[in-house]
Every structure is written in C-alpha cells, then in structure tokens.
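Trainee: Protein sequence lines correspond, in order, to chains X and R.
Under numbering that gives the first Met the number 0, the first residue of the first sequence is numbered 0, with each subsequent residue one higher.
Under numbering that gives the first Met the number 0, the first residue of the second sequence is numbered 0, with each subsequent residue one higher.
Please note that a few of the clues may not be correct.
Claimed, not checked - Simulated restraints on C-beta separations:
hint, chain 1, residue 1, chain 2, residue 2, range
1, R, T147, X, F397, 33 to 41 Å
2, R, R515, X, V547, 35 to 43 Å
3, X, S496, R, F87, 14 to 22 Å
As the list claims (entries may be wrong) - Covered by chain R, per the in silico footprint, the following chain X stretches (three or more residues, Cβ under 8 Å):
hint, segment
4, 193–199
5, 345–354
6, 386–398
7, 449–455
8, 480–488
9, 491–503
These aren't lab readings, by the way, just hints derived from the structure by calculation.
Here a beta-carbon is modelled for each residue, glycine too, at the ideal position from N, C-alpha and C.
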Amino acid sequence: MNRRPSYLFLPLVGLLMMQSAPAWSFGESNSNRPTPANPTSSSISTGLSEALPISASGLETLTIQEGGRKKPYLVFSEETLRSLSGKTTLTLEGSRRDSLSIVTGLWLDPAATLPSWREQELILVSNKPLKELLGLDPTRKLFSYNELTASEVLAKKIAEAAESRRRDPKVRLVGIQKEASDVAMRLGLLESLLSGDAYRVVPPPSGHEWLSAEQGEPSLILQKMRETWVEKDHKGFTETSGGLIHLQQFLGGSVGMPPSWKLSLEVLYQKSHPFRWAWILYALAGVVLLTFSGGWTRAGYRLAWICAGGGFALQAAGLLSRVLIAGRPPVTNMYESVIWVAFGTILFALIFEAIYRAGSFLLGAVPVAVASLIIADSQPVILDRSIHPLTPVLRDNFWLTTHVLSITLSYAAFALALGVAHVALGRVIAGKKSSETIYNYLYKTLQVGVLLLATGTILGGVWANYSWGRFWDWDPKETWALTALLGYLFLLHGRISGLWGGFGLAVGSIIAFMSVLMAWYGVNFVLGAGLHSYGFGTGGFPLVAVFVGLELLFLLVAFLRHRRTKAY
Amino acid sequence: MSSDGTPTKRPLSRAGLIADRQRRYPLWRLIHLLGSLKLALVLLATIAIAIATATFTEAHFDASVAKAWIYKAPWFIAWLGVLCINLFAVTLTRWPWQKKHTGFIITHYGIITLLIGAVMGSKLGFEGNVTLRTDGQPQRRIITDRSTLQIESPADSFLYLLPYDAKLTHPTEKHPTRLTIPGTRLEMIINDSSEHLMRHPQLHAGAAGSEAILLDFSSQNLKQELSVGLGLNAKLDPSTGNATTTEAPDRYDFFGLASITFHETLPKHGAKRAERLIVTAGNPPLQGVSLSRDGRLVTIHADADLSASYNRSEIMDRMVVLGTHRIVVREYLPEGVSGDLKNQPSSTTSSSPALSSRTPSIRVEFLSGEDAQLTPDSKPWLELSPVVTEGGNGAQIAWQLGRSGAVISSGLLKSGDSIPLGWADWRLTLREAAPGKSIASVMEPGTPREQGGVPGFRAHLTDPTAKPPLSGESSWVASGEVTPLLLGDNLVRVGYGLELRPIPFSIALTDFQVPRDEGTETPSDFRATVQFKNLATGSESSGLIRMNHPASYPGGLIANMTGINYKFSQAEWNPRDLKETTLQVLYDPGWFFKWIGSLAICLGIATMFYLKPRS
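All chains, please: the whole structure from these sequences, using the hints.
Mentor: Take a look at the structure:
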C-alpha cells in the first residue's frame, strides 16, 4: 500500500543532476533536510548575499498546480504572498524581499531561517474589530504565525466559523467570523507552504492531481535546490531549477502541461503591469487636454489622442493576455469588471472623439478610467486579480460574452456619461458659458448605455431561463439592473418632455450612476443576497461612501452656481 | 406634442390633426392623457423606487416577504398594468404613424409583449423542483414553490386544496384567519404562526418496565440548545389531542459527530482497544509506528515481514489498515512537543509554540485487534443507563463518556445535574428521568437557541352555530405533516406544505457526475443523465442536464420556442451524497411572448437610437 509514485525516469534525473552536481552524495535518505546555512563556513559570502537570499528568477516559468489550474511559479508566488500578506513585497529582517524570494524561501528553507518563518510578520489581519478582540496592536497589519496561534480567542472564533460552515456549507460568514476564517485560511496557507504540500510541481503518473516534489524521484532535485539555495550558490541554483523545469516537462508531456507560450505570456503579463502603464498614459492624456483646454489646438489634441491611444493599446493587450490565459472573457470578477469598465469608458470616448473631435469625451473618460485602474491596482485584498477557475454556472463563454460584456459595457457608457457630466458641470462651476453641444454629447452617451443595459439585462433573463430555470425572479442583481435602467429611462424621458434641460441631464447622469454603482458593487458587497452569489465579496465600502459623498457635494456646488448664473 | 394648437381651416398638419382630435373627441383626450409622458415619468420613478426598496426588504427579511409585499403584491401588478396601458396609449397618440416611429413602436409593444408573457407564465405555468436519486424511484410529481393547505372534510372525506402561506398571512390572536370546513358548520381558526416548529420530547405515562429520560444539551459558544428524549421498552401511546406519540428511540445521533445511547445497563469497554500515541520523528517505532525525521513519512511495522511507508499529509485523519494494525494520524505537530507530554492524551490546542523542541511529532490513534465497535471515524459517544435504587424516588442515571473503545469518564446523574461532555463546550443536563414512563413528542415552536425546524401555524376548530359555541383544542400544524384537529366527534385532517404537482410523464435519474477542477474538490460541472417516460404511450427518451444546458421534455423546436414543455435545470446537489441531485423545473407557456418581446425591445431601442430616417 505504498502510495509513493514509481517513476521510470531515474536515469534522466541522474543525468539532469550530474550536469550541476558536485555535492550529490547525500545518499538514499531523501528526507534529510539541509542544515541551516552557516555564514562562517559559507564559501561564497559577500556582505550582501549573507543578508539577502539569492534570486529565484530561474523558477519563474516552473509550472505549478494550484487552485484548480496550472500556472507559472512566478504567478503562484505573487498570488500566494498576496493572499498571505496582502502585498507582493515585504520587508523582512530589514531587507526588502519580493514574493518570488519569500515564497521560495518558505519552500526550500522552511526551518533554517533564523528567526523562524513562524516568527516573521507575514500574515495579514486588517480588520480593526478583530484586532481589538484579539488584543493585537491596531496600527499593525501584519502578524506572525506564532503571535496569532498563541491567541485562544482567535482559535475559538475560528472554531466557531468552522462549526457554522460545517453545519451549512453554503453559509455566508459575516463580521468577526468571516475575518477569523480569513485569518485561519492564511494560517493554513502558511502551514501548507512550510510543509511543502502547497508546491505541487510534479505531474502525476496518472490522474489530475499534481504531486509535491518530495514525492518520488524529483525529491533528489529538490534536495539539490535546497542545498544551493541555502548556500546561496546562485549558479548552481539556477541550473538545478532548470533541471526541475526540464524534468517537469518530460514527466508532464502526456498529462497536459500548459503550452509554453501560455506560461511565457502569463509571466510577461504578470511582470509588465500593462494596466498600470495604461493609467499613466491616460493620465498624461488628461494633463495634455487640460493644458490645451483654452481651445483644442490641433497638436495638443493629437498628442492627447496618442497618449490615450497608447494606453488603450496597452490595456487591450493586457486584457487579451487574460483572455488567452484564462480562455474566457475578462469580466468574471470584480477586479476584471473594474478594469473592463475603465477600458470600455476609454473605448466609447475614443469612438465619440473620432466622430465629434470634441475633447470633452476624453476629458470625461480619463478621470474615470484612471481612478478605476488605480483602485484595481491598489486594493488587491478587495479586488482579487488572480485568475481562478469559474463556478460551473459561469462556464459558458457564449453567455459571458453576450450578457456580461453588454452589461459591463453599459456601465462603461454610464461611467463615460458621468465623466462628461462632470466636465459640463465643471464648466458651470467655473462660471463658463455652457453650450448645448456638450449636453447633446451627454445624451448620446446615455443612449449607448441604455441600449446596452436593456440588452444585457434581457440577455441575463434568457441566460437565467437556461441556467436557473426561470426568466425573471426579482433576484437583487436583476432588480438593480432594472432599477438602473428605469432610472436612466426616467432621465431620458424627462429630457424629451422638456421637464429638464441640459443641466438637469448632467445632474441626473451623476445621480443615476449611483444606481449603477448599486447594481455593480452594492448588490455583491453590501446587500449580499440573491443568486449572483459567486460575485459576492467584502470591503471597499468606505471608499464607495466617500465617492458618493463627494459627488453629492459636487452636485450641491454645481446647483448653487447654476442658480446664481441663472439669476443674473 | 400635445400642445394647444391654433385652430385653422387649412388642411391639417400632423400636429394640427393630433391637437384637433383631442379637442373634438373625449376618447382621444383620454388616450392622450393615459399616454402622457408625465404619467410615464411617474410610473418609471415609482416602479424604480418600489423595486429598489424591495431589494432591501429581501436583504433584511427574505425573498418571499419581498415578493409578497412588493413584486407579487396586487398593487404592484396593477401598477404594471397601468404601465402597459401607458405604453399602449402612447403609441396611439403618435397615430398616424410615420417611418420615424418604427423603433419607438417596436420598443413599446415589445415591453407590453414581454409583460404579457410574464403574466401568462405566472398564471398558466409553474416553477418547482424535483429531487432525484440514481438509486431512487422515477418521479411523477414536482414540488412547487406554492404553499398550500389541504383539508379533509369530515362530511364527504374529500380533500380541499387552497393556497395558504402562514408566514405571509401572519395570523395572530387578534387577527386570526378563519376558514370554513366545506360541508360542515365547523370553522378552522388559525391564530399564530412560526418558522421553527419542532418536536419536543415529553414524558408520558408508559407501560410498566418502561424507562425514559429527558436530556438537555446546551452550548454557550454556539448559542444553541437541544432537547433529546430517550426511552427503553417504549410503547406506542394512543394519539390524544395535540400530542402525537411515536415510539421512543434509545439512541440519538448528535449532529453526526457523536452518538448517544440509552441502555438497560452500561456496556463494558476494553481498556486497550484504542490508544493514543505521540510518535516523535526519528525515534524507534512506538506500537510499530514511526515517523521520518522530516515528519513527512509515516512507517507502520505490522510485523516482521509487513511494513509500509505512507506520505503523512495524505493519510491525515484516514484509517490506514495494515495487517492487524489500524492507525489514524490525527494531528501533525511540526514543532513537536516537549518530552514530558509524550504519550499523554491530547489537549485541544495544536502545536503549542511554547514547546518547540523542533522535532516533528504526530498524534496517532492506534487500534488493535478486530472489534466491530471501532468505526473508522471513531466518534465520541455517551452511554446512559438507569440505576436501580431501592425505593428512592429520585431516579438516578449512570453515564459514561468515551471515544473509540475506551471510556474517558463516567459517573451518576440526578435530575437537574449537569456535566460537561468534552465535545466543544457542550454540556448535558438531565432534566428528568422516570421509570414507568415513555417518551412522546409534541410539535411546538422552538426557542431562539434551538436551530432548524419547519414552518407552520397553530389552529383549532370551532362550531360558531352551537350554543354555547364550541371550541376544540389547539394544535401546531407543521409543514410536511398531516395533523388531526378534533371537535367533539368531528375529525378534520389538515395537511400543510408546498404543493405537489403531477406531471404527465415520469423522470428518473440514471447517472449523476460531478467533474472537478484539476487537483481540487471544486466542482467544474454537474452532469445528470435522466430518463423520461411518457405515461400515456410508454415511450422513453433520455436527456443530459448540464449547467447552463437544461433538458426539456418533450423536446423539439416548437415546444422549446413556445415553452409549452417541461424544462429541467441543475439546481442543487449534495456534496455528501453524489447519488442525489435536485433539478429546477419550469413550465412556462409565456416563454414565446417573453423572448419575442425581449427581441423587440432590443431591436426597437437600437432602431430608435441609430436607424433614424434622414429628415
């Protein structure tokens, strides 16, 4: 009943090891852990390399199975550290280390680092009430494993959360229980990292579940990697890592290794931060537009186009990468939809600019896109950027493409309308004469949104008819999409009837966007009810509340200013 | 548009014609009034506010309340009716139509068509669900989402059905619901409702030699309580009034985590059948179990010739059988425990950081010998038995707590005594123990600390025509059960629960598969293969139900386009029992209008916005 897999590849392993193996003589016991690095006897110790571990970049394209898919080790390490600490770089023992270095250290040197990993402040506890309950310093965000496991209160809360989940596997934990269970997941993650279980890098002889390197012959390579890592033998480590990658490809050939272009693409995507560069370019476009805002001089306008177009191309490339990596449209979680809405806002702005050459579309779109992309980039805990397999009901690219893309594009059009309304009201506040043209632009933007939202909502009904077995049942997400649609219809009908003019339309575009925010964010993060539960999350409420507050303030100022101008 | 045009004798312009007909004909005036933009604005705003409010209602109460108060409330339906009139009237106000009106008219009629489809669907169709098992019988009935009341009249023994939902009607003493029992002068009065009806055990006089105990379990941390009644030699009591009696059980399954049994005398347990060991890495085998230095491999030496190594992480909490050895690795302590704690029963905290000898250890349950009592999961148990006391009226109960084959603690209990069980923070209190009694259970609302239960209501019979008026005893009528109500000689059986609807065919589950994401237990799809059998012709056909891909019966393009067939979609599954799946069933004769209307709305808006004829 020995469950260790038996490989027929021992000669190959030997071959691979010999290329880089002076010290491959630790015998038949493959369970010896390397002894801690001893700085005094280390042969290649410069001052720096003593403090800092060597670079693990040789492992970047190693394939690892985690969370239901195979991904590059680089992505795994960033996702892992992000779920552990909410960050991708940490300062440990006074030196800054990236996720690749930390996650590799946890793997290859689980016991040797002094003080131990369990003493390092690695684990994120962000919730203030939980910290108060546990008697932890509320100003700190990161805590060590030992600090947290010493708390009996935490253990009790985790046990309560586990009990609720055991009794009802579908329960949605809230409050302290939810936070405690998040911390428990992080503690468990660290345990699985330190035990080596998390590093599933060996394609299995049969079945779909990959094995950790300890199992079977790859353990010899692992042993060598540990040795070179601890001794800070950079050359040896890189060679051994290459050996592991080769072995992996050899073993995995028939079981389905992801194609190498996909791995390279994902590494490139992970390293290049296309969305960050996109918002920088968008912001540049905005600055250029403002600088030339007296009258759109030709050169200035063209420069803004170039900046925005460059950002748009980068964002499109980033989104395309996600599509190719995940094999589905990039709108399956909050992070993706925020990126996609930013993209759609710029897309519509560029289309309108191409037609009307007005400048105000781009000027309106830029703040929306920049703000969305910055939020997406800076809130990794609330907006999870990792690519996960989807819940079964969402695994239908036809409906994802038609329903979700049209709904999110309608959000984008309404976000553009929000931006254009700000430009228009900004002029009112600045005391400039407002032309009817900009209100016409606003009307046209709203039309795009209404068509897309109506289509998307109805497509959602048709999809629900197939997936859930009914067309419409007043699910909160459905209902809020309809509420937003009715709100915008109200706005447009009131404009047709002459009940309000351009100013009213602009004010309405901002107020009605709050219903979009409710349908988009509120149902999933605030209401937390209904069938769209796969999108539920927590966090970000203060951010949204501040946004809504600022918008109301802006409307108030615009309103007062408008009355005064009218009075003269 | 409907401005007061100036009177003119010339051939009327279109605007003039429209203004003119309103002046002349009251009907046109009415049409223009009903189709006015102002009314449209009021409708849009009120509907938007109402449904937005409903989502908060749903978040605070639940979906059925939001439906009863708003979405399905008569005033809301009526308001949607006004919307339809407004939509229709506004298209008339544009008469005579011009080419530029195409999109406008398609859109507005599309909305009306969609709403007609919705009404047809809810009036003529139904939604429900059916739970099927691969080893179960074919189903011929669907559980709908409509709560109904079934009353069997004593006059003609017919079953009378009427839709009724106690949660929504919310009857109280002050505002009871009164129902006349058909064919009699009796009335049923419903004057309270509960969402948490459950059976509570009570002691009743039983046959001689019978024995019964009432136990109360409580947990502070979980804020939960539970009452359990156990009995020996219990006999079935005649049903009396509101108390239904069942044969008292002598065992109780405690949330599937522990077992509680009541015996004539406490069973004996061997002391050494199960043993807990702490095996430290690198040490010589303990009871034949050793752990590698890095804590990854567990080796079992069953005898001189038989030994095997296992990956520790893979056998955690699983029973490994090798020869006569049975081993369960319960806990991994990467940092180990200090020497003096070795071979001690476990405390509940894991890997105490204070004791870091840095040698990994495992906590092992070692079971030796063949014994049927040792279950793979070795649940903890509580065993109780009556103690025969000479003439004392304070009956005593002996108890022993244990796990696997070993007794952990034991003692005696009097009524009112309480002991900790060592199962989380659950405590046991003996409420009552009585010889010569038996257990009966009474349906009543649970306390807030008791979880679960079913919805139901409290009802009794009256005869208002009798002098003086007669009134029967009150009973709680629980969903899913038939409850007898008595008044004098009259017996009225009342059933309450979700309506079952027969379908003209049977459906059976032949296969159910749950493929998983690679390397995880997360489902990637659900695939149910079902067999339909037409009850009239006997012809059979099979269907595959996947996520997003329902099976329809009968199939075919026409049936699928009109929705006049039954559509089965994957709805629920039971992770603990993969032979079972629950399907959502939809019969929607309004489907044709829904999708035609939907299409019209989308095309209409697009036409209106982007295909304007050049003026």
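Trainee: Decide, hint by hint, whether the structure agrees.
Mentor: These are the hints, each one checked on the structure:
no., hint, verdict
1, T147/R x F397/X: 33 to 41 Å, "holds, 39 Å"
2, R515/R x V547/X: 35 to 43 Å, "holds, 42 Å"
3, S496/X x F87/R: 14 to 22 Å, "holds, 18 Å"
4, 193–199, "holds (count 5)"
5, 345–354, "violated (count 0)"
6, 386–398, "holds (count 6)"
7, 449–455, "holds (count 4)"
8, 480–488, "holds (count 5)"
9, 491–503, "holds (count 5)"
Hint compliance for this structure: hint 5 is the single one not met.
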